[in-house]
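**Student:** For the record, the sequence lines run as chains A and B.
Numbered according to the UniProt record's numbering, the first sequence spans residues 1 to 106.
Numbered according to the UniProt record's numbering, the second sequence spans residues 1 to 195.
Among these hints, one or two may not hold up.
Residues from chain A that face chain B, not an exhaustive set, calculated with beta carbons under 8 Å [as the list claims (entries may be wrong)]:
hint, residue
1, Tyr50
2, Gly51
3, Lys72
4, Lys73
Hints listed in this document are in silico derivations from the structure and should not be mistaken for laboratory results.
Every residue, glycine too, gets a C-beta built ideally from N, C-alpha and C.
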Amino acid sequence: MRDNGKGGALTEVTFYILLSLYTPRHGYAIMQFIEEKTAGRLSLGAGTLYGALNALQKKGWIAFHGDNEGRKKEYLITKAGKEIAKKELLRLQELIQVATEIIGEG
Amino acid sequence: MSKKYHRFYDGLLSVQENWLNKMAKKGYRLVRTGKLLYEFEECAPGQFEYRIEFIGHKSKEDVIDYCNFLEDLGYKVFFKNINLNYSIGKLRYRPWAEKGGRIATNSTTFDRELLIVEKKNDGKEFELHTSYEDKLKYCKSLRNAWLCFFLLFAILGCVQRSIVWGIGGLLVLIPIIAYQSEIIKIRHNAKIREW
Numbered sequence: 001m002r003d004n005g006k007g008g009a010l011t012e013v014t015f016y017i018l019l020s021l022y023t024p025r026h027g028y029a030i031m032q033f034i035e036e037k038t039a040g041r042l043s044l045g046a047g048t049l050y051g052a053l054n055a056l057q058k059k060g061w062i063a064f065h066g067d068n069e070g071r072k073k074e075y076l077i078t079k080a081g082k083e084i085a086k087k088e089l090l091r092l093q094e095l096i097q098v099a100t101e102i103i104g105e106g
Numbered sequence: 001m002s003k004k005y006h007r008f009y010d011g012l013l014s015v016q017e018n019w020l021n022k023m024a025k026k027g028y029r030l031v032r033t034g035k036l037l038y039e040f041e042e043c044a045p046g047q048f049e050y051r052i053e054f055i056g057h058k059s060k061e062d063v064i065d066y067c068n069f070l071e072d073l074g075y076k077v078f079f080k081n082i083n084l085n086y087s088i089g090k091l092r093y094r095p096w097a098e099k100g101g102r103i104a105t106n107s108t109t110f111d112r113e114l115l116i117v118e119k120k121n122d123g124k125e126f127e128l129h130t131s132y133e134d135k136l137k138y139c140k141s142l143r144n145a146w147l148c149f150f151l152l153f154a155i156l157g158c159v160q161r162s163i164v165w166g167i168g169g170l171l172v173l174i175p176i177i178a179y180q181s182e183i184i185k186i187r188h189n190a191k192i193r194e195w
């Protein structure tokens, strides 16, 4: 999984998962969040979501939320994850600024 | 009323997947799998959709975790064997599995190399792997499994100087080439887009 820890860009999937986890969500709710926010443009496969969640957990950007006694596991973004997301926002703002200068307002 | 079929698809994952989806379109839903057995029950035509995933390279814990995840999403999961083997208590070393190979036993993923995933049709597309990065990883796991068979056949063919292994090796080359060309295609697309 590519990350912007060293200054690189996040993938869209990674960034959306991080954004969805500013509130605790389980797998299905993450999928729904992303589909809703992108009006169906980005639809995540279960295997892809599973791989991404595991990778993000290993990086320490997200973690399980609560005791997980219930059947459905919930995830939440960590402090480190929020820092990464903030950096990505700045990177995208820069990109948008450059693109707007050249292309003009959409 | 339930319907039973006895079929064997070996490594022909997409053929098996297409058949299950054809059955679902006709109004039959999978309720049980055995070595050769597929048992169906009647349902509304097109109510369910199926995808098949190869999981032979995963550890037992990872498979359980993945299945739980899929079930949490509302999918139903069946295990299926990829090949036929009637021995009990056999060990299999899988050099193509993650982390430098794994030993498969009857209690791990031996005889449960495939997952059949069932989703209730909600009008949306049903794909398990959507990003290029993830598709690439999945395709590689399949190619490596076949590649390993190829090497085994090649070694046996050289040692025993038998044409049978040679033919086996040639047959195994077909899926290797198919998956490899898929990998090349995905890599090419991934240069420009993420999914």
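**Student:** Run every hint past the structure and note whether it holds.
**Tutor:** Going down the list of hints, with the structure as the test:
| no. | hint | result |
| --- | --- | --- |
| 1 | Tyr50 | holds (5 Å) |
| 2 | Gly51 | holds (5 Å) |
| 3 | Lys72 | holds (5 Å) |
| 4 | Lys73 | holds (7 Å) |
Hint compliance for this structure: every hint is met.
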